[in-house]
Amino acid sequence: MCALFHGEEEMVTHVLYMHQENVRHELRIPTVYFEDAWDRVDGAEHDAQLFSVMIDDFTPVYRRHTATLKKAGRHDYMTFLLQDYVGNERLTEIVLSTATGGKSREISEALRQDADFDLVALRAKEGIEQNKDVYISEDAAGDIRTVFLCSQMGDVKSPGCSQYFRSHAIDIKVNYRRVFLAQWKGFEIDVDSFLACALNFE
Numbered sequence: 001m002c003a004l005f006h007g008e009e010e011m012v013t014h015v016l017y018m019h020q021e022n023v024r025h026e027l028r029i030p031t032v033y034f035e036d037a038w039d040r041v042d043g044a045e046h047d048a049q050l051f052s053v054m055i056d057d058f059t060p061v062y063r064r065h066t067a068t069l070k071k072a073g074r075h076d077y078m079t080f081l082l083q084d085y086v087g088n089e090r091l092t093e094i095v096l097s098t099a100t101g102g103k104s105r106e107i108s109e110a111l112r113q114d115a116d117f118d119l120v121a122l123r124a125k126e127g128i129e130q131n132k133d134v135y136i137s138e139d140a141a142g143d144i145r146t147v148f149l150c151s152q153m154g155d156v157k158s159p160g161c162s163q164y165f166r167s168h169a170i171d172i173k174v175n176y177r178r179v180f181l182a183q184w185k186g187f188e189i190d191v192d193s194f195l196a197c198a199l200n201f202e
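The sequence shown lines up with residues 1 to 202 when you count with the numbering used here.
Simulated from the structure, these hints should not be mistaken for laboratory data.
Nothing here was measured: the structure is a model prediction, and the numbers come from that model.
There may be inaccurate statements among the hints.
As the list claims (entries may be wrong) - Keeping only pairs whose Cα atoms sit at most 25 Å apart, straight-line, the calculated DSS-like set for lysine-lysine is: (1) K173 / K185; (2) K132 / K103; (3) K125 / K103; (4) K132 / K157; (5) K173 / K70; (6) K71 / K125; (7) K132 / K185; (8) K173 / K157; (9) K103 / K185; (10) K132 / K70; (11) K132 / K173; (12) K70 / K125.
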């Protein structure tokens with residue numbers, strides 16, 4: 001995962017500012033991960049930073065690549081956004097509200113059901129329509145560690161998922177096609193490794 005960080009690649013230093021926590025993180029990242037000139041400005045401060053990578057080997061993907069991949073019927077890439085989000089309890093409420101058109105947001109009122117891939121599905125109580133699927137992953141203490149919002153199968157041609165978690169004190173949102181949901185743990189490991197390389201550059 002860190003190969004590009006230790007080779008001959010040109011590097012750029014970014015400062016990620018997390019407003020809610022009033023914390024700044026300095027990251028040093030190979031410029032090859034950035035398509036746009038303004039993202040290659042060394043020392044710039046950002047409120048958020050978006051990356052697009054191939055799922056299998058984490059190589060960077062540019063906009064022209066995604067167009068080619070889509071034409072070939074391939075969706076084996078993902079994006080991940082570094083940004084400052086609310087805590088997971090509050091985030092789950094927001095996601096539940098989104099999935100039910102604002103009709104349900106209380107975690108305590110949601111019906112819990114074991115789901116595939118070591119996830120727990122949250123369903124709105126009877127009588128409330130839910131147009132997206134909501135999943136969570138919990139730690140041993142029962143605290144929410146990852147939140148998922150996925151388009152339902154059949155609703156759109158290529159349903160997708162948004163996955164929210166925290167790594168190295170940075171909030172992350174990963175987007176990918178729902179067919180790759182089974183790999184969610186691997187996505188967290190890969191992003192965690194990427195951030196470890198970016199943060200520990202001394």
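Going down the list of hints, with the structure as the test:
For the hint linking K173 to K185, the alpha-carbon distance of about 13 Å falls within 25 Å, and the restraint holds. Taken as a hint, the K132 and K103 pair is honoured in the structure, with Cα atoms around 13 Å apart against an allowance of 25 Å. The straight-line distance between the Cα atoms of K125 and K103 is roughly 10 Å, inside the 25 Å bound, and the hint therefore holds. The hinted pair formed by K132 and K157 meets the criterion: a straight-line CA distance of about 14 Å does not exceed 25 Å.
Distance restraint check for K173 and K70: the Cα-Cα separation of roughly 22 Å lies within the 25 Å cut-off, and the hinted pair is therefore satisfied. With a C-alpha separation of about 40 Å, the suggested pairing of K71 with K125 is violated against the 25 Å cut-off. Straight-line distance between C-alpha atoms of K132 and K185 comes to about 21 Å, which keeps the hinted pair within the 25 Å bound. With a C-alpha separation of about 22 Å, the suggested pairing of K173 with K157 holds against the 25 Å cut-off.
Distance restraint check for K103 and K185: the Cα-Cα separation of roughly 30 Å exceeds the 25 Å cut-off, and the hinted pair is therefore not satisfied. Our distance criterion of 25 Å between C-alpha atoms is met by K132 and K70, whose separation comes to about 24 Å. For the given pair, K132 sits about 17 Å from K173 by alpha-carbon distance, which is consistent with the 25 Å threshold. Restraint check for K70 and K125: the C-alpha separation of about 37 Å exceeds 25 Å, so the hint is violated.
When held up to the earlier numbered hints, the structure conflicts with 6, 9, 12 and fits the remainder.
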